[in-house]
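**Q** Residue strings, one per chain:
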Amino acid sequence: PDDEGLLKLDYKGQFQLDYRDTGSGSGGDDDTMEFNFRRNRIALMGAYGNLGIYAQTEYTEDVNVGPFTVSDGSSNTFQMLDAQIRYKFNDAFRVRAGKFKYNLTRENLEACEKPLTLDRSVLIRAPYVSTRDKGVAVWGNLFNDIFQYRLDVMNGRTDSVSAPDSNFRYSGRAHVTFLDGEKGYGYKGTYMGKKKVITLGAAYSVEQDVAYADCTNETGAVDYKAWTVDLFAEYPIEGIGTFTLSTAYVDYDLDDAYQGADPDSGVIGVNGEKNGGYTKVAYMLPELPLQFFFRAENWSLVELDGVYDQEIDWYGGGFNYYFRGQNLKLTVEYSAVEFDTESSNYEDFDSLTAQLQVVF
Amino acid sequence: PDDEGLLKLDYKGQFQLDYRDTGSGSGGDDDTMEFNFRRNRIALMGAYGNLGIYAQTEYTEDVNVGPFTVSDGSSNTFQMLDAQIRYKFNDAFRVRAGKFKYNLTRENLEACEKPLTLDRSVLIRAPYVSTRDKGVAVWGNLFNDIFQYRLDVMNGRTDSVSAPDSNFRYSGRAHVTFLDGEKGYGYKGTYMGKKKVITLGAAYSVEQDVAYADCTNETGAVDYKAWTVDLFAEYPIEGIGTFTLSTAYVDYDLDDAYQGADPDSGVIGVNGEKNGGYTKVAYMLPELPLQFFFRAENWSLVELDGVYDQEIDWYGGGFNYYFRGQNLKLTVEYSAVEFDTESSNYEDFDSLTAQLQVVF
Amino acid sequence: PDDEGLLKLDYKGQFQLDYRDTGSGSGGDDDTMEFNFRRNRIALMGAYGNLGIYAQTEYTEDVNVGPFTVSDGSSNTFQMLDAQIRYKFNDAFRVRAGKFKYNLTRENLEACEKPLTLDRSVLIRAPYVSTRDKGVAVWGNLFNDIFQYRLDVMNGRTDSVSAPDSNFRYSGRAHVTFLDGEKGYGYKGTYMGKKKVITLGAAYSVEQDVAYADCTNETGAVDYKAWTVDLFAEYPIEGIGTFTLSTAYVDYDLDDAYQGADPDSGVIGVNGEKNGGYTKVAYMLPELPLQFFFRAENWSLVELDGVYDQEIDWYGGGFNYYFRGQNLKLTVEYSAVEFDTESSNYEDFDSLTAQLQVVF
Numbered sequence: 050p051d052d053e054g055l056l057k058l059d060y061k062g063q064f065q066l067d068y069r070d071t072g073s074g075s076g077g078d079d080d081t082m083e084f085n086f087r088r089n090r091i092a093l094m095g096a097y098g099n100l101g102i103y104a105q106t107e108y109t110e111d112v113n114v115g116p117f118t119v120s121d122g123s124s125n126t127f128q129m130l131d132a133q134i135r136y137k138f139n140d141a142f143r144v145r146a147g148k149f150k151y152n153l154t155r156e157n158l159e160a161c162e163k164p165l166t167l168d169r170s171v172l173i174r175a176p177y178v179s180t181r182d183k184g185v186a187v188w189g190n191l192f193n194d195i196f197q198y199r200l201d202v203m204n205g206r207t208d209s210v211s212a213p214d215s216n217f218r219y220s221g222r223a224h225v226t227f228l229d230g231e232k233g234y235g236y237k238g239t240y241m242g243k244k245k246v247i248t249l250g251a252a253y254s255v256e257q258d259v260a261y262a263d264c265t266n267e268t269g270a271v272d273y274k275a276w277t278v279d280l281f282a283e284y285p286i287e288g289i290g291t292f293t294l295s296t297a298y299v300d301y302d303l304d305d306a307y308q309g310a311d312p313d314s315g316v317i318g319v320n321g322e323k324n325g326g327y328t329k330v331a332y333m334l335p336e337l338p339l340q341f342f343f344r345a346e347n348w349s350l351v352e353l354d355g356v357y358d359q360e361i362d363w364y365g366g367g368f369n370y371y372f373r374g375q376n377l378k379l380t381v382e383y384s385a386v387e388f389d390t391e392s393s394n395y396e397d398f399d400s401l402t403a404q405l406q407v408v409f
Numbered sequence: 050p051d052d053e054g055l056l057k058l059d060y061k062g063q064f065q066l067d068y069r070d071t072g073s074g075s076g077g078d079d080d081t082m083e084f085n086f087r088r089n090r091i092a093l094m095g096a097y098g099n100l101g102i103y104a105q106t107e108y109t110e111d112v113n114v115g116p117f118t119v120s121d122g123s124s125n126t127f128q129m130l131d132a133q134i135r136y137k138f139n140d141a142f143r144v145r146a147g148k149f150k151y152n153l154t155r156e157n158l159e160a161c162e163k164p165l166t167l168d169r170s171v172l173i174r175a176p177y178v179s180t181r182d183k184g185v186a187v188w189g190n191l192f193n194d195i196f197q198y199r200l201d202v203m204n205g206r207t208d209s210v211s212a213p214d215s216n217f218r219y220s221g222r223a224h225v226t227f228l229d230g231e232k233g234y235g236y237k238g239t240y241m242g243k244k245k246v247i248t249l250g251a252a253y254s255v256e257q258d259v260a261y262a263d264c265t266n267e268t269g270a271v272d273y274k275a276w277t278v279d280l281f282a283e284y285p286i287e288g289i290g291t292f293t294l295s296t297a298y299v300d301y302d303l304d305d306a307y308q309g310a311d312p313d314s315g316v317i318g319v320n321g322e323k324n325g326g327y328t329k330v331a332y333m334l335p336e337l338p339l340q341f342f343f344r345a346e347n348w349s350l351v352e353l354d355g356v357y358d359q360e361i362d363w364y365g366g367g368f369n370y371y372f373r374g375q376n377l378k379l380t381v382e383y384s385a386v387e388f389d390t391e392s393s394n395y396e397d398f399d400s401l402t403a404q405l406q407v408v409f
Numbered sequence: 050p051d052d053e054g055l056l057k058l059d060y061k062g063q064f065q066l067d068y069r070d071t072g073s074g075s076g077g078d079d080d081t082m083e084f085n086f087r088r089n090r091i092a093l094m095g096a097y098g099n100l101g102i103y104a105q106t107e108y109t110e111d112v113n114v115g116p117f118t119v120s121d122g123s124s125n126t127f128q129m130l131d132a133q134i135r136y137k138f139n140d141a142f143r144v145r146a147g148k149f150k151y152n153l154t155r156e157n158l159e160a161c162e163k164p165l166t167l168d169r170s171v172l173i174r175a176p177y178v179s180t181r182d183k184g185v186a187v188w189g190n191l192f193n194d195i196f197q198y199r200l201d202v203m204n205g206r207t208d209s210v211s212a213p214d215s216n217f218r219y220s221g222r223a224h225v226t227f228l229d230g231e232k233g234y235g236y237k238g239t240y241m242g243k244k245k246v247i248t249l250g251a252a253y254s255v256e257q258d259v260a261y262a263d264c265t266n267e268t269g270a271v272d273y274k275a276w277t278v279d280l281f282a283e284y285p286i287e288g289i290g291t292f293t294l295s296t297a298y299v300d301y302d303l304d305d306a307y308q309g310a311d312p313d314s315g316v317i318g319v320n321g322e323k324n325g326g327y328t329k330v331a332y333m334l335p336e337l338p339l340q341f342f343f344r345a346e347n348w349s350l351v352e353l354d355g356v357y358d359q360e361i362d363w364y365g366g367g368f369n370y371y372f373r374g375q376n377l378k379l380t381v382e383y384s385a386v387e388f389d390t391e392s393s394n395y396e397d398f399d400s401l402t403a404q405l406q407v408v409f
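Protein chains in written order, with the numbering used here: chain A, 50 to 409; chain B, 50 to 409; chain C, 50 to 409.
Calculated directly from the structure, the hints in this document are not laboratory data. Mixed in with the good hints, there may be bad ones.
It does not matter which identical chain is used: a pair holds within one copy or between any two.
Said to hold, decoys possible - Result set (SDA-like, lysine to any residue): computed pairs, CA atoms no more than 20 Å apart in a straight line: (1) 274 <-> 305; (2) 137 <-> 377; (3) 137 <-> 379; (4) 57 <-> 94; (5) 245 <-> 124; (6) 244 <-> 339; (7) 57 <-> 97; (8) 137 <-> 397; (9) 137 <-> 405; (10) 243 <-> 309; (11) 244 <-> 171; (12) 274 <-> 263; (13) 244 <-> 268; (14) 57 <-> 96; (15) 137 <-> 302; (16) 57 <-> 92; (17) 243 <-> 97; (18) 163 <-> 362.
Since the model is a prediction, treat every value here as computed from it, not as a measurement.
Using the sequences plus the hints, can you model the full thing?
**A** Printed below as a string of structure tokens:
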């Protein structure tokens with residue numbers, strides 16, 4: 050409000066040098082290198098008593114090295130990534146309305162600038178939505194903050210004309226958290242040795258009549274259902290260092306719509322029907338702000354690029370060097386992606402990424 | 050300038066839950082529901098002596114429930130909605146240059162975050178422009194601020210190649226205002242009982258050779274001419290409450306270009322040649338920040354979706370609850386739209402919208 | 050970082066009234082007039098010890114009067130024009146990473162809000178990049194700041210699939226500067242009488258395998274090589290005024306790819322293979338903040354709109370009036386452009402532009 054409360058402005062950048070061992074040259078088999086931003090954001094935070102707002106822009110420009118494939122990369126988007134009104138009645142009951150992260154997987158809810166490894170999984174996103182959605186959530190901490198609940202109702206798939214019905218998506222998530230505990234809406238991928246945490250979480254999400262198994266005849270409406278469980282543990286030992294373990298499994302179900310006569314394009318592919326998960330481990334030195342990490346993922350997709358029951362293995366390892374905590378950080382990660390069955394657009398590849406993160 | 054003057058940053062959001070009684074399902078006749086932002090803005094205001102600047106961004110994303118029809122909604126736009134330089138020589142002579150609201154209807158000039166009802170009319174916009182245009186305006190208050198004049202020269206239709214000529218649009222507006230009076234460039238839809246106001250305004254606008262009545266042969270250049278009159282009255286009575294009446298009529302003329310052999314698409318439809326107006330009434334309780342409102346509109350369009358001389362009646366009613374004035378407001382409005390002749394894309398419909406407004 | 054360091058927010062606008070003696074009407078030969086922004090920016094600057102960030106947005110909307118041709122102008126872009134992390138080890142060694150101006154021509158490196166004439170040359174941009182690129186640069190001043198060096202590695206052409214190879218572009222620039230000298234990364238077009246400066250600079254840039262001379266057969270990969278020399282001198286004489294001279298030559302070489310069987314579209318045209326330069330002179334009055342300027346350019350393009358060895362002469366003259374230095378400035382410039390051989394889309398034309406600049 051006018052000259053009241055606190056308004057804060059942040060810049061958040063993740064600038065990368067990306068190397069991919071494929072994608073360029075006349076045959077598409079030569080190495081590709083690119084400087085680009087993974088994240089390029091301006092954030093606005095306001096607080097006034099129990100009322101808060103958070104708005105954040107994101108600019109993505111001309112990305113050539115994509116999660117799985119290399120392109121000429123010309124689409125640029127400037128968007129309002131987050132825009133929320135938050136109100137805290139008390140610790141046990143808070144509301145947020147607007148555009149924000151929906152309550153399903155822990156990794157999607159981990160702050161983008163505070164991951165344990167380079168980034169979250171490129172396969173963890175739910176069908177028909179991005180990392181954020183629009184709607185309303187209530188959440189809170191109970192029983193001395195050991196238990197946290199979250200309930201939201203959000204758009205889910207937004208198409209009104211081509212979808213079977215205009216239904217909202219409902220999600221619920223809960224966790225129990227021990228030792229120092231996690232109390233916020235956004236999780237962190239690591240607390241860099243400043244906190245002892247064990248958190249066990251689970252979530253469920255549903256949207257009815259989300260897509261057609263047969264788009265031509267507009268029949269075979271299927272539901273979306275997803276569930277996930279996750280475990281996060283971080284423990285600093287004095288003089289030894291900090292150990293982190295984070296693992297999760299998620300199942301995205303679309304009633305086997307991919308078997309339909311003319312399934313909606315959203316029920317297959319990277320963000321279609323699938324299940325899988327990740328395991329991340331890390332060790333941070335006791336004296337030096339250097340953290341080594343390793344991550345492994347395995348995903349089963351009902352169909353990708355014409356291949357049914359595709360399996361994807363994703364391995365990555367590297368380190369974070371925290372010059373000034375998360376405000377100035379260098380991350381280097383090497384990763385290898387393997388497909389059970391290679392197809393024309395999805396072949397095994399390796400990547401190497403150096404990233405400089407600044408939050409100001 | 051460097052470390053001088055005052056610079057202020059605001060976030061302005063209008064987050065809505067929209068219900069429409071049509072638009073979804075395989076026949077398009079099922080109800081549609083959507084969470085979305087009506088407005089999602091970041092504003093920057095600077096003042097330094099008599100010089101001021103105002104810049105404001107707007108982000109619109111994936112709107113399904115439109116003013117008249119429901120779509121799949123995928124176009125996202127991030128734009129600089131306002132960007133102005135303002136200079137005040139004195140109360141009677143001020144200049145602004147840049148992108149800002151042109152001087153025609155009162156309702157378009159009412160601040161977007163300070164309407165009386167949910168929003169301004171979806172039919173009040175002038176042909177070939179949005180709510181803002183680029184150019185220069187002079188304005189001021191005279192005779193003890195009872196009289197206000199505004200003159201502007203702006204782009205109007207911006208097409209250079211497909212328009213008959215590259216002409217500017219000229220508008221003039223004047224009002225007389227009594228009691229506490231209105232002195233600013235932006236009007237308000239309500240003063241929430243803090244001001245006694247009666248304002249009578251009128252405006253005229255013209256742009257020569259704005260479009261062809263026959264685009265194929267590039268003949269039949271027509272002019273754009275518009276005029277409007279409006280009355281706003283708000284009166285708080287102690288212990289009884291605040292009463293508001295606001296009414297206007299506007300006529301947009303395009304020389305009957307719709308009768309041409311191949312009329313430009315902009316001379317017909319929602320923003321083409323038309324006339325009509327609105328009447329809004331409201332009552333705000335004396336003790337509680339609760340305001341009930343009702344609005345009625347009638348518009349005659351020369352052609353809409355193949356129907357000539359289409360008549361649209363638009364009725365809406367609801368309430369505003371001002372938690373913290375316009376900075377935190379809940380508005381609920383129910384509206385019904387009726388067409389004199391229903392067409393394939395324009396059928397009668399009802400809407401219900403709940404909106405949470407935050408200005409921070 | 051959180052509540053540390055300095056964060057500054059600026060608005061920078063250049064609002065223009067453009068007149069072009071061609072481009073409108075049914076034959077395209079009538080005058081065209083347009084109000085528009087040449088620049089419309091919000092900038093964010095942060096400094097914390099030796100660390101700095103700079104991020105800047107740019108909004109371009111519906112431009113009809115282009116550098117060479119007039120269009121209907123409908124493409125709007127909102128982009129993050131700059132986004133950099135800067136670190137200063139010492140005066141002789143500084144690093145910046147992110148999106149910023151590459152180190153080639155002086156005029157491109159001159160601050161957009163501090164030119165000598167209305168604007169930089171519309172022909173000075175390097176092939177396959179905009180005015181900015183993404184990458185990393187090191188630079189510094191040596192020998193009592195008389196010598197400056199800059200080295201950068203940047204994306205250059207970003208296309209991965211349609212380019213012969215995914216190579217970076219490497220540039221090096223150096224200058225010697227006398228009297229008060231120039232020490233920053235961004236040059237200025239004028240110091241408005243506050244500095245005595247003579248600077249002599251040169252730069253070289255290379256990117257291997259940047260394009261095909263024969264795209265159909267994906268053969269004939271050519272390299273990009275460019276070099277430039279430039280001289281800037283400004284000298285204020287008390288009671289007489291300030292004199293400015295700025296001149297440069299640049300050569301953009303693409304191995305004569307335009308002679309290939311199916312040359313890449315980027316090797317020809319305004320930003321393809323070419324050479325040329327500019328000479329700017331100015332005189333600023335001693336007592337009044339009024340500066341008269343004149344500029345002349347000559348460019349040789351290998352091919353433009355089907356004309357081989359096209360020559361373009363560009364003359365412009367006008368004045369700057371500095372109400373409040375560069376923070377509030379009026380510029381008026383008249384310019385004439387002549388083609389050695391007129392073609393269907395490129396005919397001689399004259400322009401008149403009045404521009405109001407505000408930096409706040």
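**Q** Of the hints stated earlier, which fail here?
**A** 5, 8, 10, 11, 13, 15, 17 and 18
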